[in-house]
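As a plain string of letters, each chain reads:
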Amino acid sequence: MNSKKDFLTSYGALTAIFLLAIIFLGQLNYDAWNAFAAPTIPTSLNNYIEPQPLSGNTAKIAALGENEFLANIYWLELIQYYGGGDPSGKYRKLPDLYNTITDLSPKFLTAYQNGLLVLPGEGFVDQAIALGKKGEENLPNSWEIPYYLGLDYHIYKKDYVAAAEEFTKASKLPGAPANTAYFAALYYSQTDQRKISYDLFLNIAQTSTDPYLKDRAQKYADHLAITFSLQDAITAFQNKYHRNPNSLQDLVDKKIINNIPVSPLGFPFNYDSKSGQISEGK
Amino acid sequence: MIKKYFKTIGVIALNTFRETIRDRILYSLIGFAALVIAAGLLAGSVSLGQDLRVIESFGLTAMLIFLLIITLFVGTQVVWREVERKTIYLTLTKPVTRDQFYLGKYFGICLTTATSALIMGAMFLLEIYFKAHIFSVPALFSIIWMIFEVWLLTALGLMLSTFTAPLSSAIYTFCLALIGHASTSIWQIAQKSPAALKYILDVIYYLFPNLEKFNLRNEVVYAINPPFSQVWTTVVYFIGYTALLLVLGLMAFRSDEF
Amino acid sequence: MLKIKSLSKTFYQTKGEKNVLKNLSLEVKKGQVFGFLGLNGEGKTTTVKIIAGLLFADKGKITITGDNSREKIGFMSENPHFYDHLKVNETLSYVGELFGIEKEKINIKIPELLKLVGLEKSAETPTKKLSKGMRQRLSFATALINDPELLILDEPLDGLDPLGRLDFKKAILALKKQGKTIFFSTHILADVEEICDEVAILHNGKIIEQGNPKKLLGRSKKTLEEFFVEKVTQND
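Chains as they are written, first to last, in my numbering: chain A, 118 to 399; chain B, 667 to 924; chain C, 8 to 243.
Please note: incorrect hints may appear among the correct ones.
Claimed, not checked - Calculated Cβ distances over 12 Å to all of chain C for the following chain B residues:
(1) VAL712
(2) ILE754
(3) LEU756
(4) PHE767
(5) VAL869
(6) TYR888
(7) TRP898
As the list claims (entries may be wrong) - Residues from chain B that face chain A, not an exhaustive set, calculated with beta carbons under 10 Å:
(8) PHE829
(9) LEU833
(10) ALA843
(11) ILE855
(12) GLN857
To be verified - Going by beta-carbon spacing under 7 Å, a handful of chain B positions derived as facing chain C:
(13) VAL677
(14) ASN681
(15) GLU685
(16) ARG688
(17) LYS752
(18) THR753
(19) TYR755
(20) THR759
(21) LYS760
(22) PRO761
(23) VAL762
(24) GLU793
(25) ARG920
Source of the hints: derived by calculation from the structure; they are not laboratory data.
We put the beta carbon where it would ideally sit given N, CA and C, even for glycine.
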């Protein structure tokens with residue numbers, strides 16, 4: 118007979134109670150530690166880890182063909198990163214993440230759109246514009262990218278020509294909202310490209326099916342036509358008197374025009390006597 | 667006579683299939699894969715409205731990984747296990763040629779991987795259906811292509827296992843699978859390399875199985891069907907390469923002693 | 008029925024070459040029970056494996072005569088192993104299918120064979136739960152599934168208890184009555200004398216003695232065991 122076995126069979130119940138007691142004590146100890154002891158993992162480590170995306174080319178090699186999969190992993194990481202809040206408030210890795218994602222998945226439309234909306238707000242205006250240009254190259258048929266890019270040019274760069282160009286581009290793509298060309302025309306009218314603006318408005322007035330848009334575009338075209346004729350009158354004045362008129366009233370006084378026209382839009386015509394130019398303003 | 671030849675292959679294949687299917691490891695693998703595919707739902711829900719593309723890419727990549735695991739751990743061991751457990755004596759002492767045995771083992775494993783792929787694929791397609799109410803034809807295509815890929819890799823692993831230990835065979839097969847999927851990068855690097863390196867990389871690119879041919883997973887996200895010209899060249903490539911590997915494996919296996 | 012002519016086999020190991028078989032020749036006639044005797048590691052199994060096609064001879068020739076020769080051989084290997092996932096009856100049915108026998112015929116044959124080898128109660132047992140003796144019995148059954156003309160058995164008595172040996176002897180004699188040819192290797196000499204028409208003693212890769220056991224012993228009053236030891240030591 119094995120003595121060990123003997124012990125266990127004759128004192129089996131006692132042994133079991135003893136072991137249970139040990140297990141119970143261990144559990145008690147753990148619970149107490151869990152509840153009262155100071156945390157051992159430093160919270161600072163837990164707080165925040167900045168993403169470290171691979172560069173686009175490295176990521177493409179590392180993906181081993183699973184490009185969309187890796188792009189989606191980075192996409193989820195980007196959402197966590199931007200949604201989680203950056204304690205230093207700079208989101209330094211945002212442009213890198215958008216770039217890697219769109220390198221891995223060049224036709225990921227939402228990533229471009231999202232980047233064009235998010236990046237400039239965090240101070241990455243140039244990176245946003247670069248992302249938009251990349252998107253236009255990879256997704257030449259998506260009106261969304263030039264549309265959002267145009268908005269970025271307008272809001273963050275105050276570059277109305279570029280904004281107008283992007284909106285024109287967008288307006289020619291399938292699915293673009295009807296007012297895209299209208300916006301392009303508006304942007305042009307804010308610059309010295311008013312002739313393009315006039316053509317665009319006239320075109321909208323002739324082709325649009327939206328009666329409101331049609332009406333507004335016609336009025337803008339009329340408004341611009343008046344601006345052009347006023348500008349012609351100013352030129353005639355300059356040729357005659359070799360100076361700029363002091364005001365628009367000056368043109369009427371000198372009989373170059375009969376009266377100061379009223380804009381169909383109800384806007385006044387702002388005249389700058391120093392440059393001799395009429396500018397659009399409200 | 668020919669009918670009997672293939673019938674014997676079929677008997678061995680079915681027995682191999684039954685052996686792997688009755689192995690509990692396979693069940694746990696498929697169960698785990700189901701879990702991972704389902705996890706795509708969770709990942710999709712935090713993707714800012716990009717659920718479908720996340721579910722599709724996560725599910726397909728997970729399927730490939732699990733099929734590769736099955737191929738590496740079942741496919742490269744199947745002949746070795748017969749030798750190790752001496753069960754090969756039971757089969758080879760019957761009117762069965764070495765070729766029939768080898769091919770039977772190969773098709774048995776193919777049946778196993780295809781069954782696993784179809785189970786996982788059905789779960790995956792159902793998941794997409796419930797999420798987006800579409801039946802994704804490109805996803806079905808990419809699953810079939812994935813099966814071709816693991817069938818090719820099974821032939822490769824089986825061939826390697828005729829002259830190396832099963833673990834080395836699994837490692838070599840894994841490395842070749844990595845190289846096969848890096849083929850696009852290898853080609854791009856080759857184009858920018860100096861002549862000598864370009865030569866080596868070109869050899870690697872053309873010699874080793876080009877598994878990116880079987881990768882339609884990126885297209886699935888955009889619901890793009892592969893062009894017909896690519897479909898048939900890929901099928902021809904698959905048949906040619908697999909047949910070559912089987913012939914090489916058979917040549918080695920014919921002279922093996924047990 | 009089975010003719011082996013000048014068979015040679017060398018194994019190349021890390022320790023060096025090992026000439027297992029040197030010009031081995033023998034012939035088994037139709038209807039004979041042939042005992043292939045020898046010490047462990049003398050090359051009995053090597054010979055059997057070469058006959059089975061598991062090993063390749065360096066030199067020599069094996070001829071098996073008869074119709075559909077490959078189809079009409081029953082084989083039983085040393086220390087038989089079976090697929091773990093199969094039950095006893097499934098194993099038999101698998102082997103039967105390898106011979107290309109129709110399913111219905113196999114289903115009739117299996118209970119008969121299981122009764123013959125005394126495994127009728129274990130038909131549904133997974134093979135991994137079988138004892139060594141039971142494996143031996145199952146292996147014998149697999150060797151008989153195709154109604155073979157020639158039976159080649161490697162150490163069939165190994166692992167059998169006395170009762171099992173008695174059963175085996177009965178079965179061999181019954182098969183002999185049916186006109187089957189039986190070639191078996193063994194190192195257990197006790198029962199050989201009763202059932203064998205002819206024995207050959209393998210030593211150092213050669214046949215050192217061959218003939219009817221009764222005739223071989225006829226001149227002396229020795230047992231086969233004593234005769235065997237004497238011959239082996241003489242030839243060392």
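These are the hints, each one checked on the structure:
no.	hint	in the structure
1	VAL712	43 Å, holds
2	ILE754	8 Å, violated
3	LEU756	6 Å, violated
4	PHE767	10 Å, violated
5	VAL869	34 Å, holds
6	TYR888	44 Å, holds
7	TRP898	36 Å, holds
8	PHE829	27 Å, violated
9	LEU833	22 Å, violated
10	ALA843	9 Å, holds
11	ILE855	8 Å, holds
12	GLN857	13 Å, violated
13	VAL677	4 Å, holds
14	ASN681	6 Å, holds
15	GLU685	5 Å, holds
16	ARG688	4 Å, holds
17	LYS752	4 Å, holds
18	THR753	5 Å, holds
19	TYR755	4 Å, holds
20	THR759	4 Å, holds
21	LYS760	4 Å, holds
22	PRO761	4 Å, holds
23	VAL762	6 Å, holds
24	GLU793	32 Å, violated
25	ARG920	10 Å, violated
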